[in-house]
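Positions 1 to 751 (full-length UniProt numbering) are the ones given, in order, by the sequence shown.
Among the clues, some could well be false.
FRET-style restraints, in silico, Cβ to Cβ [claimed, not checked]:
no.: 1; residue 1: Gly-732; residue 2: Ala-314; range: 47 to 53 Å
no.: 2; residue 1: Glu-88; residue 2: Ser-169; range: 49 to 55 Å
no.: 3; residue 1: Thr-590; residue 2: Glu-692; range: 20 to 26 Å
no.: 4; residue 1: Val-437; residue 2: Ala-601; range: 35 to 41 Å
no.: 5; residue 1: Gly-732; residue 2: Lys-356; range: 45 to 51 Å
Below, simulated PhoX-like cross-link-like pairs (lysine-lysine); rule was C-alpha separation at most 20 Å, straight line [what the hints assert, rightly or not]:
no.: 6; residue 1: Lys-203; residue 2: Lys-220
no.: 7; residue 1: Lys-321; residue 2: Lys-646
no.: 8; residue 1: Lys-289; residue 2: Lys-220
no.: 9; residue 1: Lys-203; residue 2: Lys-104
no.: 10; residue 1: Lys-234; residue 2: Lys-141
no.: 11; residue 1: Lys-234; residue 2: Lys-220
no.: 12; residue 1: Lys-403; residue 2: Lys-429
no.: 13; residue 1: Lys-141; residue 2: Lys-349
no.: 14; residue 1: Lys-429; residue 2: Lys-703
no.: 15; residue 1: Lys-231; residue 2: Lys-203
no.: 16; residue 1: Lys-234; residue 2: Lys-289
no.: 17; residue 1: Lys-326; residue 2: Lys-89
no.: 18; residue 1: Lys-373; residue 2: Lys-289
Just so you know, these hints were derived from the structure itself, not from any lab.
Virtual Cβ for every residue (Gly too), placed ideally from N, Cα, C.
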Amino acid sequence: HFNPPTFLKSNTYPISFYFLHFLSVSLPDPTCTVSPSSPSMASEDSLSSNPLLQNFNFPPFDVVDAHHVRPGIRALLHQLEAELDQLEKTVEPSWPKLVEPLEKIVDRLSVVWGIINHLKAVKDTPELRAAIEEVQPEKVKFQLRLGQSKPIYSAFKSIRESSDWNTLSEARQRLICANCGVRVFSAQIKEAVLSGIALDDDKREEFNKIEQELEKLSHKFSENVLDATKKFEKLITDKKEIEGLPPSALGLFAQAAVSKGNENATADTGPWLITLDAPSYLPVMQHAKNRALREEVYRAYLSRASSGDLDNTAIIDQILKLRLEKAKLLGYSNYAEVSMATKMATVEKADELLEKLRSASWAPAVQDIEDLKSFAKNQGAAEADSLTHWDVTFWSERLRESKYDINEEELRPYFSLPKVMDGLFRLAKTLFGVDVVPADGVAPVWNSDVRFYCVKDSSGNPTAYFYFDPYSRPSEKRGGAWMDEVFSRSRVMAQKGSSVRLPVAQMVCNQTPPVGDKPSLMTFREVETVFHEFGHALQHMLTKEDEGLVSGIRNIEWDAVELPSQFMENWCYHRDTLMSIAKHYQTGETLPEDVYKKLLAARTFRAGSLSLRQLKFATVDLELHTKYVPGGTESIYDVDQRVSIKTQVIPPLPEDRFLCSFSHIFAGGYAAGYYSYKWAEVLSADAFSAFEDAGLDDIKAVKETGQRFRNTILALGGGKAPLQQVFVAFRGREPSPEPLLRHNGLLAASA
């Protein structure tokens, strides 16, 4: 689910490098402004009226356009260059003379770049792309200069080596150690090596060229995936071709056809337009009886961005080549070692966990396929003995319906978006003592469907805000779901009269939009997705850390940051929580008790297969970043096929090109880090087991445990080590994989 433009999360590069390198993070000063710096910069737009450079309390998402980008970014960079020059001349090894002015510089750029990067993800246009692409090298050049500033680096080291070191808070120590290259909890990173600061001039220049090129390639990869997804359209006029598809899907397909000029299209009579956007693709794979249609759509989805002008193959090869070169420059054997240097795990520990989970999942996954074949045969399916990829989802849905008497589509009326959000907010109040109230109109939004909320503490005081953009918009919005920062909680960036700036988050999903007069009726998976992203948002919003550069999800090791999001998914299966959201949108009837019990029983349905799927992604990621040799005898697709032997019961097609759309590792922050989903799943399952131990039906115990979760996992941010001082503080011990295997019904297989 965590699929933002840069998969924000937390890395632990030095702040001066990281917080500019992943600039979907936004750290704006609500009162920031930029002075016009050069008349030549104002050729495209008057700087005095450029919304990117105005005073604002919330980003002006409603008025920023492509033509604001070039002059706005260039004016800002010109100003920040001058501020950096001044800082380097006057820097002293003290918090007020080093960290505070540095945070302000980072903040100024982050807010502006965060605005345009976010709009590119949710309101993409060719003009916006072109503008960002043009100024991006200038932005990267500045971020590299800042990240490799020797006066700033020396000042951080001086603080680290001073006699005052032990008087600093742990949050400040972790922040400084992230910048001087020494991690409090690990001796692996030396002398800020990941930012290239310790390199000789020639090697640093080479390093910087690699960084520039990698950023350009990742953006191009992402654009190709989006364009390839949008490119596929299949217009169907014969209803027989889409037999089996539910009314919700037909309505969505007709709505898509209308948007493409078929103004008389209806759900009953068509025509119907199928795309590769998730709300369109998934119903076809789940419900279309037309096997040829499933095959066509599956092959189109699997081959996205793998041919013609949109082919990502060469881009992947170049990304892997440059990452390896970067690793060698920094003194590492491979890029996975670079990635792991800022994570809880090591390559060996990640491999060990993946193999333990794989061995526990393999036999159940084999049995899953056998069960499907047997069921399909009993149903008289001609393909029963030769089930393949475009059959598995279809027959899995039929078996699930038969085994548990649950029809995903029949559940939709019980999960209307307004009811789901109301129940989610009630859960947050129960667990964490906060109220979430609508605040629409307080902040500008980028689309009329976007909602804005205020989070209030038990005294009724605002503690955070967040945007929520729920619906799919295939023509302009990237697929997937993600949470991202807008503002961090920060003492330094507080407005006058306030002790701290409040955090602001954004949640973005791509669920089924309303059709006609019906609200958005969600699948249960979409419900889980919303809970997941809200978990990320809660960790950002409920932080009590006031040091802006380590508050919320900042500076948290990447493989720990999924803990709150996956933790929240567990509550979708909690009876009282589920019953509070599962209300029929027309009658108000609560989901029948027997249906809830079936839903609970179905939780472990095909758990082995679903586990293997994630393990395949994680394993191929590590293989590409450890053993793969760019330009060698083995291609990236050979690696994928080799890994699949142990992670896919049904071998992939020879023409499988899923890597060409694997944005997590080639256009985001998961390179040599996809394993973190499973790593954090262990943490989250164990965290939820604390509530099970306390008694899920004991409301007093649940509230007490929820407060402990809030005061540790959600509150401490990146100011403390996530395992020893955050998780153990909550759980009372180190994590165990037993709850995860138990929740997935795989404990017996593991034993």
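Against which earlier hints does the structure fall short, listed by number upward?
2, 5, 6, 7, 8, 9, 10, 11, 12, 13, 15 and 17
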